Structures are given as structure tokens and as C-alpha cells.
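There are 2 protein chains.
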Amino acid sequence: MKFRIQSNIFSEGINNVSRALSTKTPMPILKSIKIDLNEEGIYLTASDSTITIKQFMPTFIDNKQTIFIEELGSAAVPGRLLLEVLRKANDDYIEINMYEDKYIKINFKNSDFTLNCLDVMEYPNIDLIDSNEPIEFDSVKFEQIIKQTVISVSTHESRPILTGVNIKSNENKLYCISTDSYRLSEKIVELETPIPNINIVIPGKSLLDLEKLLLTNRGKLQIHIASNIVSFKIKNITFQSRLLDGNFPETSRLIPKEFGLQLVFNRIELIDVVDRVSLLSKEGANNIINLDIYDEKTIISLDSPEIGKVVEDITPLSQEGSLMRIGFNSKYFLDALKVLNEEKVTIKFTGEVRPFIIRTNDEFVTQLILPVRIE
Amino acid sequence: MKFRIQSNIFSEGINNVSRALSTKTPMPILKSIKIDLNEEGIYLTASDSTITIKQFMPTFIDNKQTIFIEELGSAAVPGRLLLEVLRKANDDYIEINMYEDKYIKINFKNSDFTLNCLDVMEYPNIDLIDSNEPIEFDSVKFEQIIKQTVISVSTHESRPILTGVNIKSNENKLYCISTDSYRLSEKIVELETPIPNINIVIPGKSLLDLEKLLLTNRGKLQIHIASNIVSFKIKNITFQSRLLDGNFPETSRLIPKEFGLQLVFNRIELIDVVDRVSLLSKEGANNIINLDIYDEKTIISLDSPEIGKVVEDITPLSQEGSLMRIGFNSKYFLDALKVLNEEKVTIKFTGEVRPFIIRTNDEFVTQLILPVRIE
Chain V
256 MKFRIQSNIF SEGINNVSRA LSTKTPMPIL KSIKIDLNEE GIYLTASDST ITIKQFMPTF
316 IDNKQTIFIE ELGSAAVPGR LLLEVLRKAN DDYIEINMYE DKYIKINFKN SDFTLNCLDV
376 MEYPNIDLID SNEPIEFDSV KFEQIIKQTV ISVSTHESRP ILTGVNIKSN ENKLYCISTD
436 SYRLSEKIVE LETPIPNINI VIPGKSLLDL EKLLLTNRGK LQIHIASNIV SFKIKNITFQ
496 SRLLDGNFPE TSRLIPKEFG LQLVFNRIEL IDVVDRVSLL SKEGANNIIN LDIYDEKTII
556 SLDSPEIGKV VEDITPLSQE GSLMRIGFNS KYFLDALKVL NEEKVTIKFT GEVRPFIIRT
616 NDEFVTQLIL PVRIE
Chain P
256 MKFRIQSNIF SEGINNVSRA LSTKTPMPIL KSIKIDLNEE GIYLTASDST ITIKQFMPTF
316 IDNKQTIFIE ELGSAAVPGR LLLEVLRKAN DDYIEINMYE DKYIKINFKN SDFTLNCLDV
376 MEYPNIDLID SNEPIEFDSV KFEQIIKQTV ISVSTHESRP ILTGVNIKSN ENKLYCISTD
436 SYRLSEKIVE LETPIPNINI VIPGKSLLDL EKLLLTNRGK LQIHIASNIV SFKIKNITFQ
496 SRLLDGNFPE TSRLIPKEFG LQLVFNRIEL IDVVDRVSLL SKEGANNIIN LDIYDEKTII
556 SLDSPEIGKV VEDITPLSQE GSLMRIGFNS KYFLDALKVL NEEKVTIKFT GEVRPFIIRT
616 NDEFVTQLIL PVRIE
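Protein sequences, first through last, are from chains V and P. Here the first sequence stands for residues 256 to 630, where the numbers follow the working numbering. Here the second sequence stands for residues 256 to 630, where the numbers follow the working numbering.
Please keep in mind that the hints were generated in silico from the structure rather than gathered at the bench. Since the structure is predicted, the reported quantities are computational estimates derived from the model, not experimental observations. It is possible that some hints are incorrect.
If chains are identical, the list can't say which one is meant, so a pair holds when it fits in one copy or spans any two.
In silico DSSO-like pairs for lysine-lysine, Cα to Cα no more than 27 Å straight-line [stated by the list, open to error]: (1) Lys279 - Lys357; (2) Lys402 - Lys423; (3) Lys564 - Lys364; (4) Lys343 - Lys402; (5) Lys564 - Lys343; (6) Lys286 - Lys488; (7) Lys593 - Lys428; (8) Lys286 - Lys343; (9) Lys343 - Lys593; (10) Lys564 - Lys286; (11) Lys360 - Lys564; (12) Lys467 - Lys586; (13) Lys586 - Lys286; (14) Lys396 - Lys490; (15) Lys343 - Lys599; (16) Lys257 - Lys564; (17) Lys552 - Lys360; (18) Lys488 - Lys396; (19) Lys396 - Lys593; (20) Lys402 - Lys467; (21) Lys364 - Lys552.
Can you build the whole structure from these sequences, using the hints too?
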């Protein structure tokens with residue numbers, strides 16, 4: 256394998272796939288990025304066995320040649336090191352030259368790197384799935400779905416199915432739901448065309464990795480689903496993840512429909528108040544904040560006997576309903592408030608020990624929190 | 256104790272002294288900041304028992320009242336928490352009110368914090384030293400002294416005296432020296448007026464803390480020295496540190512005076528090359544780079560059998576002397592190159608296993624590195 260390539264293009268590709276590189280793995284080969292060079296261009300592959308990212312870089316872009324091929328072939332190159340070398344490369348072009356099937360030479364300007372490579376034949380064969388009927392999204396819209404649901408994913412392995420986001424279809428709607436059983440996030444997306452029935456659970460960690468990839472790669476996103484795999488395609492990049500096995504709990508009845516008390520706040524102002532009040536939860540164990548909702552204003556407080564206490568008040572923009580006292584985890588509340596986008600936010604309560612929900616004008620997003628019983 | 260104070264002034268003071276707060280300490284009281292309020296103003300004190308920072312904030316600044324006193328007194332307030340509360344304060348003034356000798360109330364806008372305090376009587380009595388003949392410096396000049404010497408301080412406790420920077424006077428010169436026995440930094444400062452004989456060793460860690468404090472507090476710096484304590488005064492802030500006990504080794508004969516080979520490089524270009532070559536040392540054990548110095552150019556290389564190897568060449572701006580091969584720790588070399596300021600840097604060699612030095616036009620700064628024997 257021997258080729259010369261525009262360095263910014265190569266760096267960008269290596270950077271994209273490197274997000275799937277395994278840091279701790281029983282398979283050393285998964286610390287490598289696989290490079291496959293054929294006449295059409297280069298395929299880069301990295302995988303940590305849960306997710307796989309593959310990128311194709313064509314020889315010609317807009318009729319302009321970006322890769323100059325001398326000899327076809329494949330290599331498994333130490334991923335992190337390759338990434339770092341390319342970050343410090345100070346030339347417009349990079350020359351890659353594999354020799355003796357175990358060394359790769361990287362040349363630019365006055366630099367001459369030789370990296371030891373593992374046997375590319377050891378690299379696991381990872382099939383990329385494809386389907387005839389992908390779901391299509393604007394990638395920015397899908398970033399929002401991830402951002403607004405992934406907060407409620409469980410981080411405990413006791414119920415593995417809850418560590419993922421459930422995505423299921425119903426006619427022309429897609430329901431994206433996560434819950435760690437203390438809180439729940441739901442985002443409903445209306446699709447322009449009906450899609451086949453799906454009901455999958457994508458690991459939360461995979462979605463966070465995908466979110467980072469989408470931040471620098473925007474455009475039309477295709478989602479392909481197979482029995483235990485989901486594959487996201489954007490531009491020349493494929494991001495594939497294992498799905499979680501098992502039945503995601505039915506959550507539709509958890510979200511209350513009627514509310515005795517509703518408060519509208521300026522979202523940023525509310526975040527500031529809860530953020531300050533939460534200061535006293537950082538160092539201590541107690542992260543339960545209390546809301547005392549009066550007619551004219553709401554008192555937000557936190558009492559952490561070992562550290563101290565804090566009381567703030569905030570005036571709602573509008574309010575329907577009467578006096579109530581409710582306590583809940585301040586972190587859940589902050590997470591939910593921060594992933595919403597609108598200026599105003601509505602908190603809807605049904606009772607002191609019943610779940611309450613947080614909504615904005617965008618009725619397709621619901622954040623739900625289960626309160627704790629307070630004296 | 257009860258007072259109201261301009262919040263930016265209070266925050267700045269708390270932020271300054273908080274650099275001395277102890278994170279892990281057998282004395283819980285040292286996690287507090289001591290606040291003493293008298294008619295003239297407020298004294299803030301924090302200490303980790305090696306360093307102490309004390310700041311005075313006067314009641315009037317330029318005839319403008321910034322502190323409004325209701326009741327004098329003292330308190331020991333949880334330091335980190337106070338700092339965080341002030342960072343999030345959204346008002347021009349802060350009200351502080353101590354009650355029952357164990358709670359402190361912090362009020363601003365709609366916020367009402369109550370923090371549990373320890374008994375201020377438990378706070379250790381820390382005397383600040385003073386001398387009639389302080390050494391005076393422009394603080395920015397002293398920042399340079401720290402930056403250019405602290406790199407060579409030892410991080411091993413096997414020879415505690417080497418974990419500090421030796422500062423000694425000789426007539427109207429001040430010699431600032433550090434060495435971990437593999438490298439050495441020396442900065443000589445010419446003083447305008449002769450000073451009394453001094454020969455002290457300041458802990459490197461203390462100097463790093465002082466450097467951070469000086470970054471945001473610049474002006475005339477006074478240095479007061481007592482038998483086992485040094486005290487730096489800038490504006491209304493006193494930074495005091497314990498000195499290290501013991502005799503700092505005599506180093507003057509270590510720095511060679513005659514050189515058979517001298518190379519001048521563009522400093523930034525050389526840093527870039529060594530930085531890239533060092534990539535291969537990051538993941539592996541070998542951080543020894545080799546310089547092969549030929550007539551026309553210098554080859555810089557690193558061979559890390561398990562990872563790979565890298566070869567770069569760089570052309571010196573000028574050169575005196577002939578062929579040589581020398582190997583040394585790339586990190587030491589980078590540290591030394593980075594703390595110098597000039598555009599050009601001169602490397603002066605006397606032999607393959609003899610220490611070499613790095614200098615710029617500023618002859619008062621010398622960085623020395625001991626090479627390793629290479630085959």
C-alpha cells in the first residue's frame with residue numbers, strides 16, 4: 256500500500272473514525288485504524304466492538320484528484336498515534352507507504368515516521384448493514400433528539416435495557432424515550448412519510464459518540480435498521496452500533512395528562528436559580544431541592560444539615576393552581592431545563608408525590624421527574 | 256460580624272486567598288477562609304500550612320466606601336463553597352452576617368445562603384513576617400524567574416532540598432537555581448542596589464502557586480526573608496511560604512565554560528520538530544531523542560522499538576564546530592526551549608557525555624541538560 260493524500264482530508268477522516276477507537280480492549284487490534292486502499296479511494300474503519308465508524312474518501316472530489324495511488328493494499332495502523340502525528344503535520348500532503356507488511360511510513364515535509372503495525376488480517380470483519388427503506392432525517396434534528404433524550408438514560412447496569420434510548424414508530428410518528436426509572440425523557444418526531452414498524456433500543460453511549468460525530472458532519476442522515484444493529488449514514492461516513500437486547504418498558508401511561516398546577520418560568524432565570532441552589536448539594540449527599548409554590552412566588556430551597564442551607568425565590572411569568580410543596584433531585588431538573596431550547600418553560604404538577612413534567616411550546620418534547628417524599 | 260461589600264471586590268479577594276486552601280489536610284479548619292473585620296477593613300487568610308495567603312481589603316478605596324460595617328468580628332468560612340457562591344452571585348453587593356458564632360449568612364438579590372462554620376478560635380495563628388530590608392522586584396520580572404527555573408525542580412522526595420529553587424545573593428546579583436540532578440536551570444538577576452546576604456530554598460510548588468497569583472496581581476513585589484520563611488507582598492496581598500531546610504548543592508562548577516560545538520536555531524521551529532519527534536515517546540517508555548549534528552543540518556530522531564521510529568531534519572541558522580551524536584530526554588529539552596523568550600536559541604556542547612547548555616541573547620538565563628550515553 257502506497258499513496259499520497261491531501262493532509263486536511265486525511266486528518267478529517269482519521270479524526271472522524273477515531274471516535275470509535277477502543278481505549279481498553281481485550282483485542283489490541285481494535286486500537287488500530289484499518290486503512291483499505293482501492294482504485295476508488297480509501298476506506299477507514301475503527302471499532303470498539305459496540306460501535307464501528309467507517310468512512311470512504313474518494314480519489315476524486317469534484318473532479319479534483321485528492322489521492323495519488325502508487326500501490327493498492329490494506330493496513331492496521333495504531334489509531335491514536337496516527338491521529339496525533341496528523342495533528343502535528345505541517346505540510347499540504349502526506350505520503351503513506353506500507354512495507355514488509357508490518358511497518359507504515361508517514362512522510363511530510365522534513366518528517367519521516369515509521370510506525371509498527373499489527374497484521375491487518377487480524378482485523379475483525381465487520382459487516383455494514385444496509386436496508387431498502389432507511390429513515391431520513393436532517394442531522395441537526397437528530398442531534399436534538401439525542402440531546403433531549405440521552406440525559407435520562409440509566410448509568411447502572413442492573414437493568415441494561417434502561418441504558419439505551421428506545422426508538423419506536425407508530426404510523427407516521429417516531430417515539431424516542433429514555434428513563435432511568437427516576438426520570439423520563441420523551442421526544443416525538445413527526446415523519447413526512449410513514450415508515451415500517453420499528454422498536455429498537457440504542458445504547459446511550461453510542462448516541463453520545465454519534466452526537467459528537469454529527470457536530471462536525473452535518474447534512475442528510477439515513478438510518479438503517481437490522482435485527483440487532485443500527486447504522487447511521489451521513490455523507491461518506493457510516494456510524495454503526497449494536498442494539499440492546501430486551502423489552503423496553505411501556506412508558507406511555509407514566510406521563511400524566513391532567514394537571515392541577517402549572518407554572519411558567521423564564522428558562523434561563525430558572526436555571527440560574529437552581530444552579531445556585533445546587534451549590535450546596537455538590538459537596539454533600541443531599542441533592543434534593545424543595546419547591547414551595549405560593550400564589551405570587553415560588554421558593555426554591557435546599558437544606559444540607561452538614562453544610563448549610565440556601566433559599567431563593569423566583570416569580571413565575573404566569574401560574575394556574577394553588578399552594579404545593581414538592582421535592583426532587585436538582586440534577587435531574589437542571590439536566591432537563593438545559594436541553595430545552597425555548598425562552599419559556601412550563602412545569603406541570605399533579606400532586607406532591609406524583610411525577611411532574613417540564614415542557615415548552617414544543618409539545619413534542621416531555622421531560623418527566625419523579626419527586627421524592629419530603630416531610 | 257456583619258457587613259455589606261461590593262461583590263467584585265469581595266470575590267477577587269476570596270479568589271486570591273483561595274489558592275492557599277488545603278484540599279486534603281488533617282486539619283479541617285484549613286479548609287476555611289478566615290475573615291477578620293475591623294474598622295479599617297477586612298483581612299482574609301487562607302493557608303495549607305506550607306503557604307499562607309493574606310489579603311487586606313480597606314473600607315475605603317480612593318475615598319469611596321466599598322465596605323459598610325454593622326458589626327465587627329471574625330469567622331472561619333468554608334472556603335471552596337464561599338468561592339463558588341460568590342462566583343454565581345448576581346448582584347453588585349453581598350451581605351455577610353454571622354450569627355450564633357457558627358452560621359454565616361450570605362445574601363444578595365433573591366439568594367439567601369446559610370453556611371455552617373467552624374469555630375474561628377480553632378484557626379491557627381499564623382504570623383506574617385516583615386523585614387526592614389525587603390528585596391524589590393517588578394512582579395512580571397519575578398514571574399519570569401519562576402517560569403524559567405521551576406521546570407528543573409525535582410518532583411521526587413528522595414532529596415527534598417532539590418524540590419525547591421535556590422535563591423542566593425552575591426554582591427548586587429541574585430542567583431536563582433534549580434536542579435533535579437538531570438538538568439539545571441539558572442537565572443541571574445542584577446539588582447540596582449546591593450542587598451544583605453541571602454541563601455534560601457523556596458519549595459517549587461509554592462512558587463507555582465505564587466506565579467498564578469501574580470498573573471492577576473501585577474505591580475511592585477516586595478520579598479521579605481526570615482530564618483525559615485519567605486514572604487512576598489504585592490499590593491494588599493501577602494504570600495508567605497515555608498522554606499526548605501538543608502544545603503542546596505553548589506552548582507557553579509557544573510556549567511561548562513568552553514564549547515567545541517555551537518548551534519543556533521529558530522526557537523519555535525526547533526520546538527515544533529522536537530514536539531513532533533516526541534510523539535513516539537508519549538506512549539512508550541523511551542523518551543530519549545538523538546541529535547546527529549552534521550555540517551549542513553541536524554538530524555533529530557527517536558527510536559522506540561515497540562512503537563516505531565521518527566527522523567526529522569532541521570537546518571541551523573548558524574553553526575560552529577563539527578560532527579557529533581548526542582542523546583537526551585526530549586521532555587527536558589522541550590521544557591527548556593518553551594520557557595525562553597527570544598526568537599533564536601543557541602545550543603552549546605562540550606562532548607557527547609558532558610552536560611550541554613541552552614541559551615539565548617539573554618545571557619543571564621542558562622538551561623543545562625545532562626545527556627545519556629547512547630550506543
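Here is what the structure says about each hint:
1. Lys279 - Lys357: Answer is within: at 23 Å inside a copy they meet the 27 Å cutoff, but 49 Å across does not.
2. Lys402 - Lys423: within (17 Å within a copy, 59 Å between copies)
3. Lys564 - Lys364: between (62 Å within a copy, 16 Å between copies)
4. Lys343 - Lys402: between (32 Å within a copy, 25 Å between copies)
5. Lys564 - Lys343: between (50 Å within a copy, 16 Å between copies)
6. Lys286 - Lys488: Within. Shortest intra-copy distance 23 Å satisfies the 27 Å Cα cut-off; inter-copy 52 Å does not.
7. Lys593 - Lys428: Within one copy only: 25 Å inside, 58 Å across.
8. Lys286 - Lys343: within (20 Å within a copy, 42 Å between copies)
9. Lys343 - Lys593: The answer is between: 17 Å across copies meets 27 Å, while 36 Å in one copy does not.
10. Lys564 - Lys286: between (49 Å within a copy, 19 Å between copies)
11. Lys360 - Lys564: between (62 Å within a copy, 9 Å between copies)
12. Lys467 - Lys586: within (23 Å within a copy, 32 Å between copies)
13. Lys586 - Lys286: Answer is between: at 26 Å across copies they meet the 27 Å cutoff, but 35 Å inside does not.
14. Lys396 - Lys490: Only inside one copy: Lys396 and Lys490 sit 16 Å apart there, 54 Å across copies, limit 27 Å.
15. Lys343 - Lys599: Between. Shortest inter-copy distance 22 Å satisfies the 27 Å Cα cut-off; intra-copy 45 Å does not.
16. Lys257 - Lys564: Between copies only: 19 Å across chains, 66 Å inside a chain, cut-off 27 Å.
17. Lys552 - Lys360: Cα proximity of Lys552 and Lys360: across copies only (22 Å, versus 68 Å in one copy).
18. Lys488 - Lys396: Within one copy only: 14 Å inside a chain, 56 Å across chains, cut-off 27 Å.
19. Lys396 - Lys593: Close inside one copy (17 Å), not across copies (45 Å); limit 27 Å.
20. Lys402 - Lys467: Within one copy only: 11 Å inside, 37 Å across.
21. Lys364 - Lys552: between (67 Å within a copy, 15 Å between copies)
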